Amino acid sequence: MFSKLSVIAFSLLLFSVFGYGCRKQEETSAPIGPLWKPSGNEGNITGVINFTGAVPAPSKLDMSSDSKCEGENFLDDVVVKNGKLQNVFVFVKSGLPQAAFETPADAVTLDQNGCKYVPRVLGVQAGQPLKIVNSDQTNHNIHPLPQVNREFDDSQLAGQGPIIRKFRRPEAIFRVKCNQHSWMRAHIAVLAHPFFATSDSNGAFTIKGLPPGEYEIEAWHEKYGAKTAKVKVAEKADAKADFTFDGSVAYRPGSLKLQPAMMTP
Amino acid sequence: MSRPLAIIIWSIAIITAGLFAWPKWRLPESVSAHSAAIDHQFKITLIVIGVGFTLTHAALGYAVWRYRAKNGERASNSSGNARVEIILAAITGLTFIALAITGQRVWARLQLNQAPPISLVDAVRVEVVAQQFAWNFRYPGADGKFGRTDPRLYNDADNSIGARPGPLGIDSTDPAGKDDVVTTTLVAPVNRPISLTLRSKDVIHDFYVPALRLKQDAVPGMKINIHFTATREGRYEIACAELCGKFHHQMRAYLDVKSPRDYEEWLKKNGK
Amino acid sequence: MTIKAQTTKPFTFIANCIANRIANCIGRYVFSRDHRIIGLQYFFLALTAALVGSAMSLLMRLRLAWPRSRWPWLETIFPGGFQDGLMKPEFYLAMVTMHGTIMIFMVLSVAPQSAFGNYFLPIQLGAREMVFPRLNMISFWLTLASFVVLMSALFTAGGAPIGGWTFYPPLSAVASAGPGQDSGADLWLISVGIFCLASFLGSINFIVTTLTRRTKGMSLARMPLTCWGWFTTACVSLLAFPVLFIACLLLFLDRNYGMSFFKPAGLVVSERFIEGGGGSPLLWQHLFWFFGHPEVYLVIIPVMGVISHVMATFARKPVFGYRTMVVAIVAIGALGFLIWGHHMFVSGMNPRIGVAFSVLTLVIGVPSAVKTFNWLGTLWGARIRYATPMLFAIGFVSLFVSGGVTGLALGQTALDMVFHDTYFVTGHFHLIMGVAAVFGIFAATYYWFPKIFGRKMNEAMGKTHFWLTFVGVYAIFVPFHLLGVAGHPRRYADTLWFEFLKPLEPLHVLITIAAFVTVAAQLIFVANFLWSLWKGARAGDNPWEATTLEWTGEASNVAGLPPVVYRGPYEYSTPGAAKDYSMQTEM
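Note that the protein sequences, when read in sequence, are chains A, B and C.
To convert, note that position 21 of the first sequence is 21 in my numbering; the numbers rise steadily by one, no gaps.
Adding 1000 to a residue's 1-based position in the second sequence gives its number in my numbering.
Adding 2000 to a residue's 1-based position in the third sequence gives its number in my numbering.
Result set (SDA-like, lysine to any residue): computed pairs, CA atoms no more than 20 Å apart in a straight line:
# : chain 1 : residue 1 : chain 2 : residue 2
1 : B       : K1024     : C       : V2509
2 : A       : K131      : C       : G2085
3 : A       : K60       : B       : N1270
4 : B       : K1178     : A       : S59
5 : A       : K60       : B       : T1183
6 : B       : K1024     : C       : E2505
7 : A       : K68       : B       : T1183
Per the computed footprint, the stretches of chain B lying under chain A, defined by three or more beta-carbons under 8 Å from a beta-carbon of chain A, are:
# : segment
8 : 1154 to 1160
9 : 1179 to 1187
From the structure, some residues in chain C lie toward chain A, with a derived Cβ separation under 8 Å:
#  : residue
10 : Q2083
11 : L2086
12 : K2088
13 : P2089
14 : P2179
15 : S2270
No lab work stands behind these hints: they were computed from the structure.
Nothing here was measured: the structure is a model prediction, and the numbers come from that model.
Every residue gets a Cβ at the ideal spot worked out from N, C-alpha and C, and that includes glycine.
Can you build the whole structure from these sequences, using the hints too?
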């Protein structure tokens, strides 16, 4: 009698502990509609991000904590060339048809090069592979800080091959840090659809393949916040949407609550 | 069996003692004012250890060699000798306590000093802030005061010299912080006391400079003061000596000991 | 528990028979209340844990010797710990943590005390059984549960925790401070909490049995030193484990219920501001080491009892200074509670307290030294029979001295500034716990195997095991001390990032090779053990011609009258006696 009780008690103990250990399950969000297929009459949104005001002087980052970080590294949160702002993340905020968008199989690459993340801002689709590459001779550590998706914290040693990860749920832009090199920064947005782009060194961006309609798009910069605009996309045409960020707004000191809120559909 | 065992015991004792006596495996060279006292204390301790170690192993080997079972012979029935026990215990006890007490003098000089010979009036004050996985050093600048920091302002992304708030979260509204110099290398003038205040942003680290015989935990939530005086110019490594996470083994900074003139120049250059 | 077969229907009858057998088997051998079965269960748990812990240490050594090498076949076994064949530093630290935890708790706190103590304490006292057999059974199953929970930490998403077995917060208090510090750390805390409970319950049994179940004539002064060791250890256990339990509970609350016992205000970990505050990381250290220092004496005291016991048997001489040995054991147990601060000299604790802890630490060296002199005294004038248990006992004395003397350096505050958290510390505690205590376990195993299983272990294999291990452990751990003198910090995943460590790399390779050879030599022991279970030479009741009650052949577990004791435990070579030993039951 007592032995039976012991067996039951012991099994319960084990199950509860294992259940506890396995409690963090990754949930994937349910698709919101039928799979969307392009019908051939899509248009694009193109634009340029302008920058007015004084460009902050470049700060040279101190990389002496790791002698294997080669070269020089300047803080690249604000990169302006000829009045055009780079690294602004532009995406479609609303107006898309209620549908699920096919998850692309090819990966988006995030490179650790010269002890800096390249690119600094990027978007992936939910479920799309993110390929993280270490091009340096030193050890890096990839540590994104999402709120909704599962956080991971992996070392990536010198000479180690790429790490492939996926974010399963759409999420507003979150930071990526390197545990070893605290100055390294990147930002990732996870969206349910493929309609997003990052402005290049000429401030230009293009969002391709949108079905005709009215859209609200948002342009986000890590220092200067977000601006929205309404755009009407005609059949097989390029709609223009420019943004202007003003650098004369007082340079906000960095803080942990820096990220401006960003909603994704 | 008894002969080989005795020989192995003696050999192990001789080899081990020899290795510790071999100059190659001495403490590394040291360049701080207090290290002579520490090294001396270690030498005395090593001698006591060596004597205890070799004598016991010599006795053990001897007993193993000599007292093996022989046919028909009985062992001696002695079950104790109070006098021998008391004498040995007394010698051991007095030696150990003497070691403890002499060791405390060195410790007191380092940690509890208020009186000469070490005066901290002239000391260079530096704040050492540890984080996963780097060291930050802050000098108070011309006003001699450290500006207020706020953990909510920490910004690792811009650790350039002069960045505000920077990795230490220096509050720009506090005028005392304007001339603070934040670096990732500890620069110190030679032959002048350096007073360090150790802090940590996240977990327990340990500020360890092998060449200075200096080691102290940096505990979050605490400000811990230690000091040293470097006696020779040069570049020395600083390591972390308390497990602080996965890159604990890569947390290196440098201590640059410069001549007083070079130090002033460096301070001026970085203080702007 | 039996199921009565009260029917004549054939199928039901057969089913009942099988059920009966299984129920009997479960009742008798699995959920057993027999102290001998429980002792054996603990022993096999410790043996399994030792093999797992040793494997982990070899993985650590691989990375230290060849940090840039790739191990693709290891990656197939541990996919989370390797990438492209390279061992990740977080895997190394997970191995450090798990190796320490498994070895200290599941091997060293279990084998000397719970395994051999449970088996032999009642027999050596002349008792029929422990006072609380059911409590005893629960203690074992809780210990096993603790081990299973601990191992499950390896399989969580983040992996096993990386904070070392010392688990200092805030590294262990904040889940984002490192991989494995999430569910892995919670499971560790649960496992250790269960272990504390199990040990606490077990120690109650030992204490009450020793005080109340000694047979007629077995006064405290006639108890073998093994019983004194187990009894003192149980008393220390009773007081020390609850402190660790509370510490684990508080840390669990900090981690999961928003408390701040150990978290100061203003922590920022992984760029997240940690709410709460007012706690002190030093509080954990005080609580942990208040347990942690007595813990190491919990490990060594029963072993010291076994060594004295084995030495007397094979030296054919009484233990030199029996009374002093008892006083020394009790003194070590008691003083062990007063010196925990020597783990914290540079922790930020008030340096004045450091002075007190330092002096007391060196004082506790005195009873240990006295015991060493008495072991030497036991050998002096002896007629030593060099059987395998005796070889390990002699080896123990050498290793205990080697490990103990470096305590003189570490116990001094100023020298601790040089050696804290370096390989000097790791060498020191490995020599005493990882080797000397294990030699005690080996001595006990070889010594009592004939009593437990009725067969002797193979002498040639035993001696080979001894030689390889004795030389091997010196080859591993003396270099540890040399690394420490050179300033090499501990828990470093490799030596590639510091100039002052680069010259030490060849020593790491040497240590790793010695480690592999020595661990391989332990397989000789395992093979010997298993082989001897079936094929060992049959042993009589008293193959070693020893004096204590377990060798009488009329052990009180067998139905019959309890033994009566007329003599002390170590009457060897008594002048005028017919044989060179007189059993305790002889008039």
